[in-house]
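Heads up: the protein sequence lines correspond to chains A and B, in order. First residue of the first sequence? That's 141 in our numbering, and the numbers climb one at a time after it. First residue of the second sequence? That's 8 in our numbering, and the numbers climb one at a time after it.
Simulated from the structure, these hints should not be mistaken for laboratory data. Values in this document were obtained by computation on a predicted structure and should not be read as measured data. C-beta: ideal position from N, C-alpha, C; glycine also. Heads up, some of the hints might be wrong.
Simulated crosslink set (BS3-like; lysine-lysine; CA at most 27 angstroms straight-line) [unchecked claim]:
(1) A:K210 / B:K23
(2) A:K190 / A:K210
(3) A:K254 / B:K213
Just a few of them, taken from the derived set where beta-carbon distance is under 10 angstroms, the chain A residues facing chain B [unchecked claim]:
(4) D152
(5) R154
(6) H158
(7) V164
(8) N166
(9) G169
(10) I173
(11) I203
(12) E207
(13) K210
(14) A219
(15) I246
So you can see what is in the structure, the chains are spelled out below.
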Amino acid sequence: MGDSKKILIADDSRVAAHLLTEIVENIEGCEVIDNAVTGEQAIEYYEKYKPDLVTMDLSMPGIGGMEAVKRIIDGDPSAKIIVVSSLGGAQDKLLEALEAGALSVISKPFDEEKAVNVFKKYLGLK
Amino acid sequence: MHSMIPKFFGQYLLEKDILDKDQLIEAINYQKSKILKLGEIAIQHAFLTEKQVAKIHNEQKRTDMRFGDLSVSMGFLTEKQLEEIITSQKNNHIYLGEAIVACGHLDKAQLETQLNAFKDEQQSIPPIEVMIKEDIPHKELVEVSVDLTEKLFRRIGDMISKSGQLRSETESVANLGVAAALDFRGDINARYIINVTWDIGQEIAKKTFKKEDLPFDEELIRDTLSEFVNVVCGNIRSKMIEMGKKLDFQPPLTFLDKVDKNIPIARGEQATVVPGYTQIGNYELAIVSKI
Numbered sequence: 141m142g143d144s145k146k147i148l149i150a151d152d153s154r155v156a157a158h159l160l161t162e163i164v165e166n167i168e169g170c171e172v173i174d175n176a177v178t179g180e181q182a183i184e185y186y187e188k189y190k191p192d193l194v195t196m197d198l199s200m201p202g203i204g205g206m207e208a209v210k211r212i213i214d215g216d217p218s219a220k221i222i223v224v225s226s227l228g229g230a231q232d233k234l235l236e237a238l239e240a241g242a243l244s245v246i247s248k249p250f251d252e253e254k255a256v257n258v259f260k261k262y263l264g265l266k
Numbered sequence: 008m009h010s011m012i013p014k015f016f017g018q019y020l021l022e023k024d025i026l027d028k029d030q031l032i033e034a035i036n037y038q039k040s041k042i043l044k045l046g047e048i049a050i051q052h053a054f055l056t057e058k059q060v061a062k063i064h065n066e067q068k069r070t071d072m073r074f075g076d077l078s079v080s081m082g083f084l085t086e087k088q089l090e091e092i093i094t095s096q097k098n099n100h101i102y103l104g105e106a107i108v109a110c111g112h113l114d115k116a117q118l119e120t121q122l123n124a125f126k127d128e129q130q131s132i133p134p135i136e137v138m139i140k141e142d143i144p145h146k147e148l149v150e151v152s153v154d155l156t157e158k159l160f161r162r163i164g165d166m167i168s169k170s171g172q173l174r175s176e177t178e179s180v181a182n183l184g185v186a187a188a189l190d191f192r193g194d195i196n197a198r199y200i201i202n203v204t205w206d207i208g209q210e211i212a213k214k215t216f217k218k219e220d221l222p223f224d225e226e227l228i229r230d231t232l233s234e235f236v237n238v239v240c241g242n243i244r245s246k247m248i249e250m251g252k253k254l255d256f257q258p259p260l261t262f263l264d265k266v267d268k269n270i271p272i273a274r275g276e277q278a279t280v281v282p283g284y285t286q287i288g289n290y291e292l293a294i295v296s297k298i
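All chains, please: the whole structure from these sequences, using the hints.
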């Protein structure tokens, strides 16, 4: 698995994290390296693992997901972050996340096919 | 696959890879730049002076009231004038599609094709079907909550649910097994509570994890219900924003019957409780707010 793409899941819900892990690990050449459960931990794990992609829940304890997106991008403008949110249907949050540097948004409940397409696209997988 | 949950046109274009995020941000900002603020429109109509607008803005910093409501309560605008400027604001906004064309990211024909495809996808979303006759606090929020809870029971839990006769409670709501609550703050301050039997909780967990033989695990059921509430309330928030109400919320709290036989209602608050029935068992949805 040396060449596999490393994904960090930032989500305080172990249910959502489990579902995302299943989706990610069904994509050939992808593995989940860890699960952060606060905004602060997402930043810490980003530094530690330098993942190829981060999925970021917006409603997390601590500084929350939106702030974590901003700080990760500040530290590494090339960071690939996909926001995962039940707030995705609302234009205000989507715009804020995209302006903060997130690449795209996946809505909850998950549409697996769409989620896979988004992951593949930003990981450069066919 | 058709989505059951509403989304906005921009998200659709992004998901379909028709626009990239920078193009979408540019179009949304262009669209926003074309919306005149209520204060500006009131000045154009000579209903307010610049000084009055500044006073309203100052007052807004101290209260959480909206510009329009505040301008009426401060005696600067009549209800009729407010209605007139709101109508003027609505009539003069531009659609996101127009903004995308104006920014040169799609031409008119491409926009039309995409709009039709988007409408097709959204047509599968039934409109809010719940209508409550009774006069209750935050009726719109209760209607949207009942509607989206039923829809997500169907989508996530594969359960057909039907709502029954609502009632009011002022002290507590009996815990049916496991419950999760989430507080909305903003234009409406209210708590959403979903209170379900363990059977329903287990069913939602089974369907969420796509495992019919999922072992019964109280903690897992609690976490699944908590996530269910996050999803339902995120969708409620989006719907309420569409209806002109700004809301935000914090992560949910949970209550297990072993620990909390009743879900307390704070003094001075009232719960509108809507019972629901599914093929698996019963549940209750409650919206709690100040009387």
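Now the hints, each set against the structure:
{"no.": "1", "hint": "A:K210 / B:K23", "verdict": "holds, 25 angstroms"}
{"no.": "2", "hint": "A:K190 / A:K210", "verdict": "holds, 16 angstroms"}
{"no.": "3", "hint": "A:K254 / B:K213", "verdict": "holds, 22 angstroms"}
{"no.": "4", "hint": "D152", "verdict": "holds, 7 angstroms"}
{"no.": "5", "hint": "R154", "verdict": "holds, 6 angstroms"}
{"no.": "6", "hint": "H158", "verdict": "holds, 7 angstroms"}
{"no.": "7", "hint": "V164", "verdict": "violated, 16 angstroms"}
{"no.": "8", "hint": "N166", "verdict": "violated, 12 angstroms"}
{"no.": "9", "hint": "G169", "verdict": "violated, 20 angstroms"}
{"no.": "10", "hint": "I173", "verdict": "violated, 22 angstroms"}
{"no.": "11", "hint": "I203", "verdict": "violated, 13 angstroms"}
{"no.": "12", "hint": "E207", "verdict": "violated, 14 angstroms"}
{"no.": "13", "hint": "K210", "verdict": "violated, 15 angstroms"}
{"no.": "14", "hint": "A219", "verdict": "violated, 14 angstroms"}
{"no.": "15", "hint": "I246", "verdict": "holds, 9 angstroms"}
Hint violations for this structure: numbers 7, 8, 9, 10, 11, 12, 13, 14, all remaining hints satisfied.
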